[in-house]
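Enquirer: So you can see what is in the structure, the chains are spelled out below.
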Amino acid sequence: MMKRLKKIIQTWTLLELFQGLAVTGRYLFRRKFTLNYPEEKAPQSTRFRGLHALRRYEDGEERCIACKLCEAVCPAMAITIEAAPRDEDAPAENGAGRSSNYGNRRTTRYDIDLFKCIFCGYCQEACPVDAIVETRIYEYSFESRQGSIITKEELLKIGDNNEAQLAADLAVDGEYR
Amino acid sequence: MDNNNSLTIQVNDIELQVEPGQTLIEVADANGIEIPRFCYHKKLSTSANCRMCLVEVEKAPKMMPACATPVMDGMKAWTKSPKAIAAQKSVMEFLLINHPLDCPVCDQGGECDLQEIAMGYGAGTARYSEKKRIVKDKDYGSLVSTEMTRCIHCTRCVRFGTEIAGITEIGGTGRGDHMEIGTYVQKSLSSELSGNIIDLCPVGALLSKPFLYSARSWELKSLPSIAPHDAVGSHIQVQVRNGEVMRVIPRENESLNEIWISDRDRFSYLGLNSADRMTQPMMRNDVGKLVTCDWQQALEATVKGLKAAGAESGALASPSATVEELYLLQKLMRGLGSSSIDCRLGQQDFSGQQNQPAPQLNSTLESVEQQNAVLIVGANLRHEQPLLAHRVRKAALAGAAVSSVNPAQVNFNYDLSTTVETDQLTPALAAVAKAMVALGKGSDLDGLTALVANAAVDESHQAIAQSLIDGEQVMVLIGGLVYRDANQAVLYALADAIAQMSGATLSVVTEGANALGGALVGAASTAGKNVAEMIAEPPKAVLLMGIEAKDLSSTDAIRKTDFVVAMAAFSDGLNDLQADIVLPMAAFTETSGTLVNMEGSWQSFQGVVAPKGEARPGWKILRVLGTLANLDGFDLDTSEEVLAEAKTATESAAQAGGWSAPSSLGSDQTTVSIGHAIYAVDPLVRRSEALQQSHLGQQKGEIA
Numbered sequence: 001m002m003k004r005l006k007k008i009i010q011t012w013t014l015l016e017l018f019q020g021l022a023v024t025g026r027y028l029f030r031r032k033f034t035l036n037y038p039e040e041k042a043p044q045s046t047r048f049r050g051l052h053a054l055r056r057y058e059d060g061e062e063r064c065i066a067c068k069l070c071e072a073v074c075p076a077m078a079i080t081i082e083a084a085p086r087d088e089d090a091p092a093e094n095g096a097g098r099s100s101n102y103g104n105r106r107t108t109r110y111d112i113d114l115f116k117c118i119f120c121g122y123c124q125e126a127c128p129v130d131a132i133v134e135t136r137i138y139e140y141s142f143e144s145r146q147g148s149i150i151t152k153e154e155l156l157k158i159g160d161n162n163e164a165q166l167a168a169d170l171a172v173d174g175e176y177r
Numbered sequence: 178m179d180n181n182n183s184l185t186i187q188v189n190d191i192e193l194q195v196e197p198g199q200t201l202i203e204v205a206d207a208n209g210i211e212i213p214r215f216c217y218h219k220k221l222s223t224s225a226n227c228r229m230c231l232v233e234v235e236k237a238p239k240m241m242p243a244c245a246t247p248v249m250d251g252m253k254a255w256t257k258s259p260k261a262i263a264a265q266k267s268v269m270e271f272l273l274i275n276h277p278l279d280c281p282v283c284d285q286g287g288e289c290d291l292q293e294i295a296m297g298y299g300a301g302t303a304r305y306s307e308k309k310r311i312v313k314d315k316d317y318g319s320l321v322s323t324e325m326t327r328c329i330h331c332t333r334c335v336r337f338g339t340e341i342a343g344i345t346e347i348g349g350t351g352r353g354d355h356m357e358i359g360t361y362v363q364k365s366l367s368s369e370l371s372g373n374i375i376d377l378c379p380v381g382a383l384l385s386k387p388f389l390y391s392a393r394s395w396e397l398k399s400l401p402s403i404a405p406h407d408a409v410g411s412h413i414q415v416q417v418r419n420g421e422v423m424r425v426i427p428r429e430n431e432s433l434n435e436i437w438i439s440d441r442d443r444f445s446y447l448g449l450n451s452a453d454r455m456t457q458p459m460m461r462n463d464v465g466k467l468v469t470c471d472w473q474q475a476l477e478a479t480v481k482g483l484k485a486a487g488a489e490s491g492a493l494a495s496p497s498a499t500v501e502e503l504y505l506l507q508k509l510m511r512g513l514g515s516s517s518i519d520c521r522l523g524q525q526d527f528s529g530q531q532n533q534p535a536p537q538l539n540s541t542l543e544s545v546e547q548q549n550a551v552l553i554v555g556a557n558l559r560h561e562q563p564l565l566a567h568r569v570r571k572a573a574l575a576g577a578a579v580s581s582v583n584p585a586q587v588n589f590n591y592d593l594s595t596t597v598e599t600d601q602l603t604p605a606l607a608a609v610a611k612a613m614v615a616l617g618k619g620s621d622l623d624g625l626t627a628l629v630a631n632a633a634v635d636e637s638h639q640a641i642a643q644s645l646i647d648g649e650q651v652m653v654l655i656g657g658l659v660y661r662d663a664n665q666a667v668l669y670a671l672a673d674a675i676a677q678m679s680g681a682t683l684s685v686v687t688e689g690a691n692a693l694g695g696a697l698v699g700a701a702s703t704a705g706k707n708v709a710e711m712i713a714e715p716p717k718a719v720l721l722m723g724i725e726a727k728d729l730s731s732t733d734a735i736r737k738t739d740f741v742v743a744m745a746a747f748s749d750g751l752n753d754l755q756a757d758i759v760l761p762m763a764a765f766t767e768t769s770g771t772l773v774n775m776e777g778s779w780q781s782f783q784g785v786v787a788p789k790g791e792a793r794p795g796w797k798i799l800r801v802l803g804t805l806a807n808l809d810g811f812d813l814d815t816s817e818e819v820l821a822e823a824k825t826a827t828e829s830a831a832q833a834g835g836w837s838a839p840s841s842l843g844s845d846q847t848t849v850s851i852g853h854a855i856y857a858v859d860p861l862v863r864r865s866e867a868l869q870q871s872h873l874g875q876q877k878g879e880i881a
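Chains as they are written, first to last, in the working numbering: chain A, 1 to 177; chain B, 178 to 881.
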């Protein structure tokens, strides 16, 4: 009997509705969580995993030694590498040729397919020379299907443009690795 | 092992029956017990210098190296006891003191013994903080690249050079921290088996130079195949990445190549990507220029030309072509009414061909090692058949009396009991036969005594004759130089007589990977024109398969022939032949097929990569030619069907033979031609740049 009376009162006073609206009302006057993107941007961790980059040493030499560990570890098979010895003493135009059997181990091709990539960061973890890294960049677009594949030249350029940030982030993270 | 002599030992508390004389590591390997090792190798002598295989043995105060500890009755050994593990870990730490941490740039990474064993026995961190040693790299030539800082001084390469290759080229100089492996006097490796040290090296100190940095072991797909450059028929693995052959490594086969392969088989794949690879059919146009065309045009023109010549056509094929190709080629030619088909390219003298069975070893490669006496006649074995030479060397080291009748340029990597160095094989061989007759042999061979009556015998001939008669298991081995001799018929008959008089096996090994297969399927026809006749006076239409100008002694007549069709994988070698039509043929690794080795075993293999461009496997080209020519029996769908048919055809190939005395010894003036240089035997090898730049590759051309 009491149960039925309680239900009738609840139904006709819209009690539960007002309880719900009270939550809404409280949040209406609280500090906002949302950001006015793109004017405002969220803070990023030093370990943020965005667009990839290939880094260089201070003397301008590319770090990547074509060990292919990133290619092997990549769970999405997004990385394609081809390697050949590069003769450092030979003129630039034939420097990367296979004709010379001497020289350093270097890539002749380093492609990442961003459609395949799942941004797990394993490539960065596998890299013995900190060459392939994931930057804080997350704003990019492609205008063609081909555009999703970024080449070695593009990766090196991204690295060059962001070297200061990348070096700082790696330095912070260094003691945990 | 029910042998009464067998001993009982315990390894890791498991009771094992073993033979006396075995070492602990052999027992462990046979029973699947893992013991880490670097310097021990089952095909090399024991040096016990890496100390990685230390195990605990009961009653021994210190750890014992398993590779150098012979088993004893009642012995108890533990490979995984705390003491053994501690010893192995300490050795590993010592080895890693000077080994650089450059696995990411090292080609051995991923297939490295040191890497694997370090994962199992190495410590996670290094306690060593002093200076690491750095060793200057050595230049070993165009095949083997070096990174000597990585060397752990296991001396496998040193022992390989001394014991297997038979040339002591590599050695250790200095001692302790100053020890270096090298050639002492800077030089490139000159062994025909030098590539095997790449496989033997347990670290990345010795690597394949042509393969350097081009792929990782985990990216490669390993597919089995058969080596196509000599009649050993070595088992190989072709390693492929993205449809491209990246390298060739040996596949273990104790009865043929053991675990070795010759450099020719290992590095010939480099020729596959030669700039002059044929990728499209070509035909001569109205103004006589060779231009590309489509398959239909080329095939129709070929059939038209061949049919016009009919019985007046002929074919020459490489002795390294597959059974399927050779079988269909002879079937096509016979269908057109011609018996002029030959694959015995270097041969000049065919007068004895009725008495000569197909060239084969008449023995197994393994039993070559058991011979007591071997006479090598006209065979530059180390160049012609490197791994057969290795077997003969093993026999010689085991005490066999190996003697040679050869030109002076032919060298051996072991001591011969007797050598006759001559450019004229016939008188020398006749002298050996005469010496045998003088020892009371050969009375049943009619006409032999008269034939060799005038031969000049000296002590060396007598010594050879005596060694052959004394030996229990004896072999007379005649090689490619005999076949290139203008007096081949007499030489063969004399060798046959010597073999019969001494109860020896007559072993015949000629050029090419499939000379025996060619002879068995009828591609070395005894009826129509032979090679020498076709070169001198070609038929109206000539079909060339897998050969180019350098394979023929002369091209003057063939280039003037009305109609020349070349099935070839490479174009440059055809310039001298004035081919009217060129049909691009798939090269080695691109076609399935079968090769018959010198033992007579038929070994089939599959194609591992797709043919380049529009090239097609030779047997498919021949099948279509046969069909277009309206000949019967060319509706074969697979190479297996062709093989099955070829096999039934060989049964009728009668075994010729039997002694019949040649009328005379012929001219004494015929000097022997040394044949092709080791890296000039076929079109593919000639295009392998690394081989051409190597020490042996620099010995170009024919030494007449």
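Source of the hints: derived by calculation from the structure; they are not laboratory data. Treat the hints with care, since some could be wrong.
[Said to hold, decoys possible] Only part of the chain A face toward chain B is listed, based on derived beta-carbon distances under 8 Å: (1) CYS67; (2) ALA72; (3) PRO75; (4) ALA76; (5) ILE79; (6) ARG105.
[What the hints assert, rightly or not] The calculated lysine to any residue pairs, modelled on SDA-like cross-linking and capped at a C-alpha distance of 20 Å, are: (7) LYS398(B) x ASN104(A); (8) LYS41(A) x THR135(A); (9) LYS152(A) x PRO281(B); (10) LYS717(B) x ASP739(B); (11) LYS398(B) x CYS74(A); (12) LYS313(B) x ASN104(A); (13) LYS797(B) x GLY624(B); (14) LYS253(B) x VAL282(B); (15) LYS398(B) x THR80(A); (16) LYS398(B) x SER141(A); (17) LYS116(A) x SER141(A); (18) LYS789(B) x THR469(B); (19) LYS398(B) x ILE79(A); (20) LYS152(A) x ALA734(B); (21) LYS313(B) x ARG105(A); (22) LYS466(B) x GLY482(B); (23) LYS152(A) x VAL282(B); (24) LYS220(B) x SER432(B).
[Claimed, not checked] Heads up, incomplete: computed chain A residues facing chain B, CB under 7 Å, no partners named: (25) GLY60; (26) ARG63; (27) LEU114; (28) ALA126; (29) ALA164; (30) ALA168.
Every residue, glycine too, gets a C-beta built ideally from N, C-alpha and C.
Enquirer: The structure should be examined with respect to each hint, and the outcome stated for every one.
Expert: Comparing the hints with the structure gives:
Satisfaction of the interface hint for CYS67(A) is found here, the shortest Cβ-Cβ separation to chain B being roughly 3 Å, below the 8 Å cut-off. Annotation: interface hint on ALA72(A) holds; nearest CB of chain B at approximately 6 Å, less than 8 Å. A least Cβ separation of about 15 Å between PRO75(A) and chain B goes past the 8 Å threshold, and the interface hint is therefore violated. With 8 Å as the threshold, the beta carbon of ALA76(A) stays out of range of chain B, its nearest partner Cβ sitting at about 17 Å, so the hint is violated.
Interface hint status for ILE79(A): violated, as the beta-carbon distance to the closest one in chain B is roughly 12 Å, over 8 Å. Evaluation of the ARG105(A) hint against chain B yields a held restraint, the C-beta minimum of about 5 Å falling below 8 Å. Annotation: proposed proximity of LYS398(B) to ASN104(A) is violated, straight-line Cα distance about 25 Å (limit 20 Å). For the suggested pair LYS41(A) and THR135(A), the alpha carbons sit about 16 Å apart, so the restraint of at most 20 Å is met.
Under the criterion of a C-alpha separation no larger than 20 Å, the hint pairing LYS152(A) with PRO281(B) is consistent with the structure, at around 19 Å. Only pairs whose Cα atoms come within 20 Å are accepted, and LYS717(B) paired with ASP739(B) is accepted, the gap being roughly 6 Å. Only pairs whose Cα atoms come within 20 Å are accepted, and LYS398(B) paired with CYS74(A) is accepted, the gap being roughly 19 Å. Taking the CA atoms of LYS313(B) and ASN104(A), the gap is about 16 Å. The hint holds against a cut of 20 Å.
Annotation: proposed proximity of LYS797(B) to GLY624(B) is violated, straight-line Cα distance about 50 Å (limit 20 Å). Distance restraint check for LYS253(B) and VAL282(B): the Cα-Cα separation of roughly 43 Å exceeds the 20 Å cut-off, and the hinted pair is therefore not satisfied. Between the alpha carbons of LYS398(B) and THR80(A) the distance comes to roughly 17 Å, so the proposed pair stays at or under 20 Å and holds. Between the alpha carbons of LYS398(B) and SER141(A) the distance comes to roughly 36 Å, so the proposed pair goes past 20 Å and is violated.
For the suggested pair LYS116(A) and SER141(A), the alpha carbons sit about 15 Å apart, so the restraint of at most 20 Å is met. Our distance criterion of 20 Å between C-alpha atoms is met by LYS789(B) and THR469(B), whose separation comes to about 15 Å. Distance hint between LYS398(B) and ILE79(A) is fulfilled; the C-alpha atoms sit about 19 Å from each other, no more than 20 Å. Pair hint LYS152(A) plus ALA734(B) does not hold up; C-alpha atoms about 56 Å apart against a cutoff of 20 Å.
At most 20 Å may separate the alpha-carbon atoms for a hinted pair to count; LYS313(B) and ARG105(A) meet this at roughly 18 Å. For the suggested pair LYS466(B) and GLY482(B), the alpha carbons sit about 18 Å apart, so the restraint of at most 20 Å is met. Proposed proximity of LYS152(A) and VAL282(B) is supported: the alpha carbons are some 18 Å apart, at most 20 Å. Straight-line distance between C-alpha atoms of LYS220(B) and SER432(B) comes to about 14 Å, which keeps the hinted pair within the 20 Å bound.
Hint on GLY60(A) is violated. Least Cβ distance to chain B is approximately 19 Å, over the 7 Å limit. Hint status for ARG63(A): violated, given a least beta-carbon distance of 11 Å to chain B, over 7 Å. Below 7 Å, beta-carbon pairs count as interface contacts, and LEU114(A) has none with chain B, the closest being about 22 Å; its hint is therefore violated. At a threshold of 7 Å, the smallest CB-CB gap from ALA126(A) to chain B is about 10 Å, leaving the interface hint violated.
Proximity of ALA164(A) to chain B is violated relative to the hint, the smallest CB-CB distance being about 26 Å (cut-off 7 Å). For ALA168(A), the interface hint is violated, the least distance from its beta-carbon to any beta-carbon of chain B being 25 Å, above 7 Å.
Against the hints set out earlier in the document, violations occur for numbers 3, 4, 5, 7, 13, 14, 16, 20, 25, 26, 27, 28, 29 and 30.
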